[in-house]
Amino acid sequence: MTARSELTASLLSTLREIPGLRAATPSTTAAASAVPWDLDVMAVDISENVVEIRVVALEVPIPPLTEVAGAALRAVLTGTPWENASLRLVVTDVDAAALVP
Amino acid sequence: MTREQAPARQLVETVIAPPVIAAVAAHAAARVPGVVRLEPGLRGLAGSLTRIARQRIKGLEPAPTEGVRAFVEHDPPDVRVEIDLSLSGLDQAAATAQAVQRAVGKAVTEATGLTPSAVSVSILDIEIRGGLL
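Residue numbers (the working numbering), protein chains in the order written: chain B, 1 to 101; chain G, 1 to 133.
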């Protein structure tokens with residue numbers, strides 16, 4: 001396992017513990033569950049200076065969610081070669097259930 | 001649209017994509033009294049089909065965006081929303097359109113933390129009997 005893939009796994013693991021957000025990837029379909037690797041890695045891009053994670057909002061308002069996620073995911077970068085990289089959270093979409101009062 | 005949440009060394013940047021803004025705007029507009037329906041148009045329908053297919057792959061129920069276009073600029077930061085809709089003939093069109101503008105601006109700000117600089121409402125049709133017949 002490379003440092004990047006280890007970091008990706010750690011980031012996704014942390015993201016899964018944050019309510020209201022999920023990785024923006026095909027992870028819940030029957031087809032996805034039959035694939036023998038974690039498709040959520042498609043939601044994470046790691047370059048030298050930027051760590052980008054694409055998420056879908058399952059709740060609104062979004063700012064409190066991204067604030068919590070940003071702090072938790074930032075902590076994952078501590079002690080890694082990406083400690084000083086920018087962390088970018090991209091909210092790509094919103095689930096319909098999030099808008100139902 | 002981005003928002004920086006931390007000092008430069010430990011930067012956390014949040015980007016809200018246009019479909020999120022459009023979905024929030026569509027939901028808010030459709031709930032305004034006097035709005036009969038949002039009008040997607042041909043371009044909107046094509047985009048909507050693509051998005052629904054993508055959402056299904058994700059295993060999500062898509063939040064509708066039909067009839068709404070959201071534009072996000074980064075430099076300078078700006079958010080604009082355009083809405084096409086049909087109104088009931090039982091209400092005053094201008095007043096309903098203004099109510100839509102207010103409701104959409106408020107909803108987008110509350111849900112995303114971004115304040116649209118403009119909410120443009122185009123009334124494409126009016127149901128003479130209020131959409132009741």
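Because the hints were derived from the structure by calculation, they are not lab data.
Glycine is no exception: its CB is placed at the ideal position from the N, C-alpha and C atoms.
Possibly wrong hints are sitting among the right ones.
[What the hints assert, rightly or not] No more than 20 Å apart at the CA atoms, straight line, and that leaves these computed lysine to any residue pairs for SDA-like: (1) G:106 x G:127; (2) G:106 x B:63; (3) G:106 x G:95; (4) G:106 x B:64; (5) G:106 x G:120; (6) G:106 x B:10; (7) G:106 x G:128; (8) G:106 x G:125; (9) G:106 x G:69; (10) G:106 x G:117; (11) G:106 x B:88; (12) G:106 x G:30; (13) G:106 x G:18; (14) G:106 x G:32; (15) G:106 x G:118; (16) G:106 x G:94; (17) G:106 x G:64; (18) G:106 x B:38; (19) G:106 x G:17; (20) G:106 x B:100; (21) G:106 x G:75; (22) G:106 x G:71; (23) G:106 x B:48; (24) G:106 x B:96.
[What the hints assert, rightly or not] Some chain G residues judged to face chain B by a derived CB distance under 7 Å, without partners named: (25) 11; (26) 14; (27) 20; (28) 60; (29) 113.
Now the hints, each set against the structure:
no.: 1; hint: G:106 x G:127; result: violated (26 Å)
no.: 2; hint: G:106 x B:63; result: holds (15 Å)
no.: 3; hint: G:106 x G:95; result: holds (17 Å)
no.: 4; hint: G:106 x B:64; result: holds (17 Å)
no.: 5; hint: G:106 x G:120; result: holds (14 Å)
no.: 6; hint: G:106 x B:10; result: violated (36 Å)
no.: 7; hint: G:106 x G:128; result: violated (29 Å)
no.: 8; hint: G:106 x G:125; result: violated (25 Å)
no.: 9; hint: G:106 x G:69; result: holds (17 Å)
no.: 10; hint: G:106 x G:117; result: holds (12 Å)
no.: 11; hint: G:106 x B:88; result: violated (26 Å)
no.: 12; hint: G:106 x G:30; result: holds (14 Å)
no.: 13; hint: G:106 x G:18; result: holds (16 Å)
no.: 14; hint: G:106 x G:32; result: holds (12 Å)
no.: 15; hint: G:106 x G:118; result: holds (12 Å)
no.: 16; hint: G:106 x G:94; result: holds (18 Å)
no.: 17; hint: G:106 x G:64; result: holds (18 Å)
no.: 18; hint: G:106 x B:38; result: violated (38 Å)
no.: 19; hint: G:106 x G:17; result: holds (18 Å)
no.: 20; hint: G:106 x B:100; result: holds (16 Å)
no.: 21; hint: G:106 x G:75; result: violated (23 Å)
no.: 22; hint: G:106 x G:71; result: holds (17 Å)
no.: 23; hint: G:106 x B:48; result: violated (38 Å)
no.: 24; hint: G:106 x B:96; result: holds (18 Å)
no.: 25; hint: 11; result: holds (4 Å)
no.: 26; hint: 14; result: holds (5 Å)
no.: 27; hint: 20; result: holds (5 Å)
no.: 28; hint: 60; result: holds (5 Å)
no.: 29; hint: 113; result: holds (4 Å)
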